[in-house]
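Chemist: Work the whole structure out from these sequences, hints included.
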Amino acid sequence: MRKAITSRGVLLFVLALMLVAILSYGVDMDVDEAEELGPVEIREYEGVDLSSINAFRENSIGGPQEIDVESYTLRITGLVANSKNYTYDEVVNKHQHYKKVVTLDCVEGWSVTILWEGLLVRDLLAEAEPLANAEVLIFHAYDGYTTSLPIDYVMDNDILMAYKMNDVTLPPERGFPFQLVAESKWGYKWIKWVTEIELSDDANYRGYWESRGYSNSADLDKSFFGD
Amino acid sequence: MVNQRLMKRTIHWLLTAVVIIYLITGFGITEYRIVERLTFGLLTKSLAHQIHIGLVIPFIILLILHIFLPPLLKYFKSKKLGNK
Numbered sequence: 001m002r003k004a005i006t007s008r009g010v011l012l013f014v015l016a017l018m019l020v021a022i023l024s025y026g027v028d029m030d031v032d033e034a035e036e037l038g039p040v041e042i043r044e045y046e047g048v049d050l051s052s053i054n055a056f057r058e059n060s061i062g063g064p065q066e067i068d069v070e071s072y073t074l075r076i077t078g079l080v081a082n083s084k085n086y087t088y089d090e091v092v093n094k095h096q097h098y099k100k101v102v103t104l105d106c107v108e109g110w111s112v113t114i115l116w117e118g119l120l121v122r123d124l125l126a127e128a129e130p131l132a133n134a135e136v137l138i139f140h141a142y143d144g145y146t147t148s149l150p151i152d153y154v155m156d157n158d159i160l161m162a163y164k165m166n167d168v169t170l171p172p173e174r175g176f177p178f179q180l181v182a183e184s185k186w187g188y189k190w191i192k193w194v195t196e197i198e199l200s201d202d203a204n205y206r207g208y209w210e211s212r213g214y215s216n217s218a219d220l221d222k223s224f225f226g227d
Numbered sequence: 001m002v003n004q005r006l007m008k009r010t011i012h013w014l015l016t017a018v019v020i021i022y023l024i025t026g027f028g029i030t031e032y033r034i035v036e037r038l039t040f041g042l043l044t045k046s047l048a049h050q051i052h053i054g055l056v057i058p059f060i061i062l063l064i065l066h067i068f069l070p071p072l073l074k075y076f077k078s079k080k081l082g083n084k
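Chains as they are written, first to last, in our numbering: chain X, 1 to 227; chain C, 1 to 84.
Everything labelled a hint here was simulated from the structure, so no lab data went into it. Treat the hints loosely; a few may be bogus.
Under 10 Å between C-beta atoms, here's a sample of chain C residues computed to sit facing chain X [as the list claims (entries may be wrong)]:
| no. | residue |
| --- | --- |
| 1 | N3 |
| 2 | Q4 |
| 3 | T10 |
| 4 | T16 |
| 5 | V19 |
| 6 | G26 |
| 7 | K45 |
| 8 | S78 |
Beta carbons are placed, not taken as given, at the ideal position from N, Cα and C, and that holds for glycine.
Modeler: This is the structure in structure tokens:
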């Protein structure tokens with residue numbers, strides 16, 4: 001016997017889909033397991049209300065990465081006079097550090113306002129001495145993610161590579177050891193788990209999401225699709 | 001009469017289809033790793049995003065039609081009968 005598709009049947013299907021969606025948010029909760037308390041973060045800075053460091057949605061391409069700080073190196077490569085290899089301590093302790101409240105806007109529709117602390121990317125570049133034909137910085141991450149930014153954008157703006165957020169060292173799920181604070185750019189430019197900064201003359205280079213249809217300029221005041 | 005019924009049914013089914021696609025593409029944005037695997041890479045995050053954004057206006061139009069068309073048709077029908 002063949003049953004016709006009724007509107008009630010379709011309605012039940014839609015309700016079932018919604019139920020699955022709601023339940024999928026609650027399945028991780030286990031009242032028997034002790035939950036680890038997070039580090040103490042600040043939630044207000046100079047009159048600005050800050051978002052929690054747990055207010056991010058995890059949307060990285062390979063899930064949170066655990067990086068061993070002892071074996072970690074940050075490499076500056078490509079079109080530079082002096083290629084560099086820094087340990088975590090060298091990056092953090094041998095460079096001037098800065099603080100700045102910046103909002104990250106994700107293309108998914110959420111945003112977070114965080115006090116970022118780190119060093120300026122242009123300070124690192126100055127030590128590596130970029131060659132005159134370097135146009136683009138290609139950032140590589142531990143999970144294989146890449147994104148790029150014009151060298152002028154980094155040199156002309158105070159672009160931070162953060163190692164602290166809300167006065168707390170970046171946790172692994174937030175990009176330890178370093179996350180780029182690409183202010184005025186959509187969230188997919190805020191690369192986490194940075195391992196290498198490559199200087200290139202390829203102005204058409206497109207990173208992970210950019211090669212999948214998202215804008216390469218990623219300006220916040222423009223659509224995140226297209227050029 | 002038949003045309004009115006057909007129109008209502010068409011809007012009803014189109015709205016249903018749009019709502020389902022809207023839900024699936026929504027998951028395709030936020031849970032893209034799962035959805036891409038389930039669709040064998042066909043529904044990528046960027047495609048889901050473009051479809052999701054593109055469906056906003058059709059969804060609103062269909063929803064308005066779905067809500068207001070039956071009473072409007074009823075009103076016109078009663079007016080027509082009243083004139084006879």
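Chemist: Taking the hints in turn, state whether each one holds.
Modeler: Evaluated hints:
{"no.": "1", "hint": "N3", "in the structure": "violated, 20 Å"}
{"no.": "2", "hint": "Q4", "in the structure": "violated, 17 Å"}
{"no.": "3", "hint": "T10", "in the structure": "violated, 13 Å"}
{"no.": "4", "hint": "T16", "in the structure": "holds, 5 Å"}
{"no.": "5", "hint": "V19", "in the structure": "holds, 6 Å"}
{"no.": "6", "hint": "G26", "in the structure": "holds, 9 Å"}
{"no.": "7", "hint": "K45", "in the structure": "holds, 7 Å"}
{"no.": "8", "hint": "S78", "in the structure": "violated, 25 Å"}
Hint compliance for this structure: hints 1, 2, 3 and 8 are not met, and every other hint is.
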